[in-house]
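Engineer: Sequence:
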Amino acid sequence: MTSRLRRHAITLTLLILASILAATAGAQPPVYLTQWGTPGSGNGQFSQPHGVATDAAGNVYIADTFNHRVQKFTGAGTYLTQWGSNGAGDGQFDLPFGVATDAAGNVHVSDRFNHRIQKFSGSGTYMTQWGSNGSGDAQFNEPIGVATDAVGNLYVADLSNHRVQKFSGTGTYVTQWGSLGTGDGQFDLPTGVARDAAGNVYVVDLPNHRIEKFTSTGTYLTQWGSFGTGDGQLNNPFGVACDAAGNVYVADSFNNRIQKFTGTGTYITQWGSSGSGDGEFNYPTGVATDAAGNVYVADTNNSRIQKFGPDLTPTRFTSWGRLKSLYR
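For what it's worth, the numbering used here labels the leading residue of the sequence shown as 349, then goes sequentially.
Keep in mind that the hints were calculated from the coordinates and are not lab data. One or more of the hints may lead you astray.
Stated by the list, open to error - Cross-link-like lysine-lysine pairs, in silico, PhoX-like; alpha carbons within 20 Å at most:
no., residue 1, residue 2
1, K514, K561
2, K420, K655
3, K608, K561
4, K467, K420
5, K514, K467
6, K655, K608
To be verified - Listed next, with one range per pair, are the computed distances between beta-carbon atoms:
no., residue 1, residue 2, range
7, G437, F575, 13 to 23 Å
8, Y474, G390, 32 to 42 Å
9, L428, D532, 35 to 45 Å
10, G437, T523, 28 to 38 Å
11, G482, P555, 32 to 42 Å
12, N630, F461, 22 to 32 Å
The C-beta atom is built at its ideal place from N, Cα and C for all residues, glycine as well.
Can you build the whole structure from these sequences, using the hints too?
Structural biologist: The following block contains the structure:
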């Protein structure tokens, strides 16, 4: 074999090796990084937190549900501020469940038993609200999950109305979809909602143990999941989030784990088991990602937040240059 052909053969081998290594790395679950929170009502403590969201600066917002407030932290878990108290006035809550940020840094909160959405600045200044109890357009019956898109629209999982409603960022009603049932595009208690960079909307259908995917206008695209404990199966899932690559993370609540899928529902990996140790969960509900690929989980019954991130531990094959050097 000539030296030129030998170089081509080595290059092809390296490309195949790199592809295999990349695929293997992509299938690995994120590693445990840190956690914060203990049961209580003090700064940085929680009482069954549910919703979690991040902003462009890497801050983390938590719907501290049974403390009737929102708490804000750095990405490392340092407490920054909080707002809210129990009540029905502006800026008060009756079990806040979902939280979502928009590109401007505003924070949208689903105020479950006040049947409304409230909007705040990133520091907690009250801005506006909309919604009332009912089944008409822009009314709610226990709003739970919330998500925003690139232009500021808000998607709300309207739990007991078995639907998703879409609004502008100021609360103007846009459209809705869903009805009670088990068919395509129907829901039996939608809890979580998330949006990917392409504008697709993912909805957690809790008692149907599945994820449904729609366009931003509500056209049904696909679904996945069934009841069980196997890979890709779900047991009363609650929250959902997307990352920049379009992967979908599901809080598989009764299975005490997080599962990761492609945007079309192909199973990728999972992590977690029942318990209170690092990386263990007791009914995880909220899940969110940040721009660095970290995953934040509201570990509800442990009253804490856990953070996971990519495994950056160096391996023997860490770069193209290193791969080439092994074949010289």
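Engineer: Could you check the hint for me, namely that L428 and D532 are 35 to 45 Å apart, CB to CB?
Structural biologist: 42 Å Cβ-Cβ, so the 35 to 45 Å window holds.
Engineer: Go ahead and decide if the range 22 to 32 Å is satisfied by the Cβ distance of N630 to F461.
Structural biologist: Given about 24 Å between the Cβ atoms, the range holds.
Engineer: Quick one: are G482 and P555 within 32 to 42 Å, going by C-beta?
Structural biologist: With Cβ atoms ~23 Å apart, the hint is violated.
Engineer: Do G437 and F575 keep their Cβ atoms within the hinted range of 13 to 23 Å?
Structural biologist: Since the Cβ atoms of G437 and F575 sit about 41 Å apart, the hinted range of 13 to 23 Å is violated.
Engineer: For the pair supplied as a hint, K467 and K420, confirm whether the alpha-carbon distance does not exceed 20 Å.
Structural biologist: It holds: about 15 Å lies between the C-alpha atoms, which stays within 20 Å.
Engineer: Are the Cα atoms of K514 and K561 separated by 20 Å or less?
Structural biologist: Distance of about 15 Å is within 20 Å: holds.
Engineer: Taking the CB of G437 and the CB of T523, does the distance hold inside 28 to 38 Å?
Structural biologist: Holds, since G437 and T523 (Cβ atoms, about 30 Å apart) stay within the stated range.
Engineer: Hint says 32 to 42 Å; check whether the CB-CB distance for Y474 and G390 agrees.
Structural biologist: Check failed, 23 Å falls outside 32 to 42 Å.
Engineer: Are the Cα positions of K655 and K608 separated by 20 Å at most?
Structural biologist: 15 Å, holds
Engineer: Quick one, are K514 and K467 close enough, alpha carbons at most 20 Å?
Structural biologist: 15 Å, holds
Engineer: Has the given pair, K420 with K655, been kept, meaning a C-alpha gap of at most 20 Å?
Structural biologist: 15 Å, holds
Engineer: Hint check: K608 vs K561, CA-CA at most 20 Å. Holds or violated?
Structural biologist: Status holds; Cα separation ~15 Å.
Consistency note: the structure conflicts with the earlier hints numbered 7, 8 and 11.
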